[in-house]
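Asks: Listed below, chain by chain, are the residues.
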Amino acid sequence: MSGELVQILEGNTFVVSDRNGDIDASPVDATGLFSFDTRFLSKWVLTIDGQRLNALSTDDLQYFETRFFLVPGMGTVYIDAKLSVIRQRIVADGFHEDLTILNHDEKPVSLEIRLEAASDFADLFEVKDALQKKGQYHHRIDRGTLVLGYTRESFARETLVSSSEPAKVDAAGLTFKVKVPAHGQWKTALDVKATYAAWGRGPMAAASSARPDMARGLDKWIQRAPHIECDSDSLRHTYHRSLVDLAALRFSTRTMPGRSLPAAGLPWFMTMFGRDSIFTSLQALPFTPELAQTTLLALGERQGSRVDDFRDEDPGRILHEMRYGEMTAFEERPHSPYYGCVDATPLYVVLLDEYERWTGDTKLVRDLEYEARAALNWIDQYADLQGNGYISYRRRNEKTGLENQCWKDSWDSISYRDGTLPGFPRATCELQGYAYDAKTRGARLARLVWKDPAFADRLEQEAADLKRRFNRDFWVEDEGYFAIALDVDGRQVDALASNNGHLLWSGIVDKSKAKSVAGHLLGKRLFSGWGVRTMAEGEGRYNPIGYHVGTVWPYDNSFIAWGLRRYGFKEEAARIAAGILDAAEFFDGRLPEAFGGYPREMTKYPVQYPTACSPQAWSTGAPLLLLRTMLGLEPQGEHLIVDPALARGIGHLELLDIPGRWGRIDAFGRGRIEIPK
Amino acid sequence: MPKATTGDATATFFEKLAKAGHEPILARTSGTLRVELKNGRRTEYWFVTVDKGDVAVSHANDEADAVVRTDKALFDGMATGRVNATTAILRGVLDAEGDLGLVMSFQRLFPAPPKSVYARKIR
Chain H
1 MSGELVQILE GNTFVVSDRN GDIDASPVDA TGLFSFDTRF LSKWVLTIDG QRLNALSTDD
61 LQYFETRFFL VPGMGTVYID AKLSVIRQRI VADGFHEDLT ILNHDEKPVS LEIRLEAASD
121 FADLFEVKDA LQKKGQYHHR IDRGTLVLGY TRESFARETL VSSSEPAKVD AAGLTFKVKV
181 PAHGQWKTAL DVKATYAAWG RGPMAAASSA RPDMARGLDK WIQRAPHIEC DSDSLRHTYH
241 RSLVDLAALR FSTRTMPGRS LPAAGLPWFM TMFGRDSIFT SLQALPFTPE LAQTTLLALG
301 ERQGSRVDDF RDEDPGRILH EMRYGEMTAF EERPHSPYYG CVDATPLYVV LLDEYERWTG
361 DTKLVRDLEY EARAALNWID QYADLQGNGY ISYRRRNEKT GLENQCWKDS WDSISYRDGT
421 LPGFPRATCE LQGYAYDAKT RGARLARLVW KDPAFADRLE QEAADLKRRF NRDFWVEDEG
481 YFAIALDVDG RQVDALASNN GHLLWSGIVD KSKAKSVAGH LLGKRLFSGW GVRTMAEGEG
541 RYNPIGYHVG TVWPYDNSFI AWGLRRYGFK EEAARIAAGI LDAAEFFDGR LPEAFGGYPR
601 EMTKYPVQYP TACSPQAWST GAPLLLLRTM LGLEPQGEHL IVDPALARGI GHLELLDIPG
661 RWGRIDAFGR GRIEIPK
Chain C
678 MPKATTGDAT ATFFEKLAKA GHEPILARTS GTLRVELKNG RRTEYWFVTV DKGDVAVSHA
738 NDEADAVVRT DKALFDGMAT GRVNATTAIL RGVLDAEGDL GLVMSFQRLF PAPPKSVYAR
798 KIR
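Each protein sequence line maps, in turn, to chains H and C. Heads up: the first sequence runs through residues 1 to 677, numbered per the working numbering. Heads up: the second sequence runs through residues 678 to 800, numbered per the working numbering.
Mixed in with the good hints there might be a few duds.
Only pairs whose alpha carbons sit at most 25 angstroms apart, straight line, appear in this in silico DSS-like list of lysine-lysine [stated by the list, open to error]:
id : chain 1 : residue 1 : chain 2 : residue 2
1  : H       : LYS177    : H       : LYS187
2  : H       : LYS82     : H       : LYS220
3  : H       : LYS179    : H       : LYS168
4  : H       : LYS220    : H       : LYS43
5  : H       : LYS511    : H       : LYS524
6  : C       : LYS729    : H       : LYS363
7  : C       : LYS729    : C       : LYS693
8  : H       : LYS451    : C       : LYS729
9  : C       : LYS729    : H       : LYS399
Calculated directly from the structure, the hints in this document are not laboratory data.
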């Protein structure tokens, strides 16, 4: 794969090309036109008189549109071209490309313009794992349109390539023999459409159809969000970038056209993820509450309804991930959808309650009563694998299911201090916090909206009981923090990890223990100066560039800051917010999924952890949640409480027109907190 | 509710649905669904009316908010939990048109795969 790639997308249709706009993928190479988890084009190469082109500039006009400015030849010293070429590409229903050739010469010129096209119809999973195809390829030429196809039994996908100007079409592409007048130009439009065959019907457009108002839609999206005024240019830039990236990450499902929820990451994770969609919706609630609404509806619509071992599905369980490709279709992968995730279900109830607290939309809470009750029921009926009153996880699909079903889903993320790994089932601590919060918030909804005080009482009793047991069983007495998990024998998996911050956020921590927990979070072992590490320095598995064992995750930190505020640790929350927002400046306002856990004073800049996806939804949401925690925004009844606590360096901060049950409200804050160097 | 002509899996599924009269999973769903099943040379119709979870079933071939078309044998598979509706759509052996939200909710009524066993107590 070449170093610099250009990606544009709309929904789950996206194009990844090189800087010339060309696609020339190998089976494991991740360039191409993708839609619904299938690669519809693996080759798309433009030549003029047999020559490849050279990019002078590439402009990402919007997240769905790019312009490539090219000249013939691959010269490296200087270019004295009599021709220039503009490719302007927009993702919509596959993609549309306007190709313009400009002749700068005094004489007319005859050219042979060629577009090579091919498709391997790889499933995204195949691109990742380099697997062999099991079906057959075909092609045909249909009234000037090149049709590339793939079938396996009744599974059929086709790519349609056509042009506005007449072309000589063959099995491998389109050729144009053209004469461009002196100082003149020649133009053609090229359309690449992704289609699938539906049972008993002809080919259907796989991608959503063209949306001519995409640019206007983006402007409206930005205008509708709260407006920021502040002394810090960097913060303003980060905020704006977060909003634009969040717009790009919006994803619509076929069951709810016209509404969108946040997908997990661009481009490989442009699909519904229970956990990521919920966390991002929580982060974005004060800014774009409609994301939460769609997330709740879309996940509710697909809530588990039966016991299915292959999909790790149970009644009431919220899905982990949905995919649409060939391997999912033939059940070689369980993503139809796959339910192997244990936090999304309690978090579903948390989001529903938080959404109501901000918006006052009790109708949605009424509409989703069945789903919320089923989720609450799942916690006790299906997630308590060991019958000990704690949520734990162990996959039932041992072949293609996920081993680790909490957010730290890598193989070595959950360990004892000495680095050994516990067996399964694993009861990680934050899951118990989420369960506690879900029960507490569920009780509020039961009383307020469902008018079921007996259910509310029961939930509150269960929550209180869970809290009491948790503070006894997970508390690592000699160190003063909560163990990352309990193992199968009920023994503490005692490494110190950032999960403690999520516990504060959930409210499960006894008040008497909170100070010690906060001390650890901001202590030298966990706090790097930029943020809280996923695992503390000094633990057996600590590694500053280990995925979940030492890196700093902006998303994680945004919830830790929220947790600190929940327990009144304003200054500590402000320190975390300041550190993460400082880091954002180094990433031009776009926080990565994770960065290195090296001490800040050692590297001076945050060291990026290599990941395939950028932007990542919950990293994009992190600055939004940090704005909330810095301003101390908290809905209370019909009002919004504003209780700012921010670092001196941030200066003056205003967030204007915050939407909610109060209509629109402004919040102001001034940085007064000294951050120790 | 018209009597099914045979005691097949599809008929049993719809009879059970009609008899229950209410499905909590469909509590926030209202609309009509027509199921067209190809069985050799003839087509079998099932018409489901959902009104906030209240369910009525007939054999009407009427206009509906959503239409599902497939082979009778495949639907028998879904009605017994052996075939998954979502992957059937992706494989192109089942077509759904119209209000896909209604179809999505409806497919949740199909039973669990016969082989899935839930071991509640792992130890």
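Asks: Taken at face value, is the distance from the CA of LYS363 (chain H) to the CA of LYS729 (chain C) at most 25 angstroms?
Replies: Given pair LYS729 (chain C), LYS363 (chain H) holds - Cα atoms ~14 angstroms apart, limit 25 angstroms.
Asks: Verify the proposed pairing of LYS729 (chain C) with LYS399 (chain H), using a straight-line Cα cut of 25 angstroms.
Replies: violated (39 angstroms)
Asks: Is the hinted pair LYS177 (chain H) and LYS187 (chain H) satisfied, with a Cα-Cα distance of at most 25 angstroms?
Replies: With Cα atoms ~12 angstroms apart, LYS177 (chain H) and LYS187 (chain H) stay inside 25 angstroms; holds.
Asks: Measure nothing beyond the straight line between the CA atoms of LYS451 (chain H) and LYS729 (chain C); if it is 25 angstroms or shorter, mark the hint as holding.
Replies: holds (19 angstroms)
Asks: Does the structure keep LYS179 (chain H) and LYS168 (chain H) at a Cα separation of 25 angstroms or less?
Replies: holds (15 angstroms)
Asks: Just to be careful, I want the Cα atoms of LYS220 (chain H) and LYS43 (chain H) compared with a cutoff of 25 angstroms; is the pair within it?
Replies: Roughly 35 angstroms separates the two Cα atoms, so the pair is violated.
Asks: So if I understand the rule, the pair passes when the alpha-carbon distance is 25 angstroms or less; does LYS729 (chain C) with LYS693 (chain C) pass?
Replies: holds (18 angstroms)
Asks: Does the alpha-carbon distance linking LYS82 (chain H) and LYS220 (chain H) stay inside the 25 angstroms limit?
Replies: Violated. LYS82 (chain H) to LYS220 (chain H) sits at ~41 angstroms, over the 25 angstroms cutoff.
Asks: Are LYS511 (chain H) and LYS524 (chain H) close enough, with their CA atoms no more than 25 angstroms apart?
Replies: With a Cα-Cα distance of about 23 angstroms, the restraint between LYS511 (chain H) and LYS524 (chain H) holds, given a limit of 25 angstroms.
The earlier numbered hints that this structure contradicts are 2, 4 and 9.
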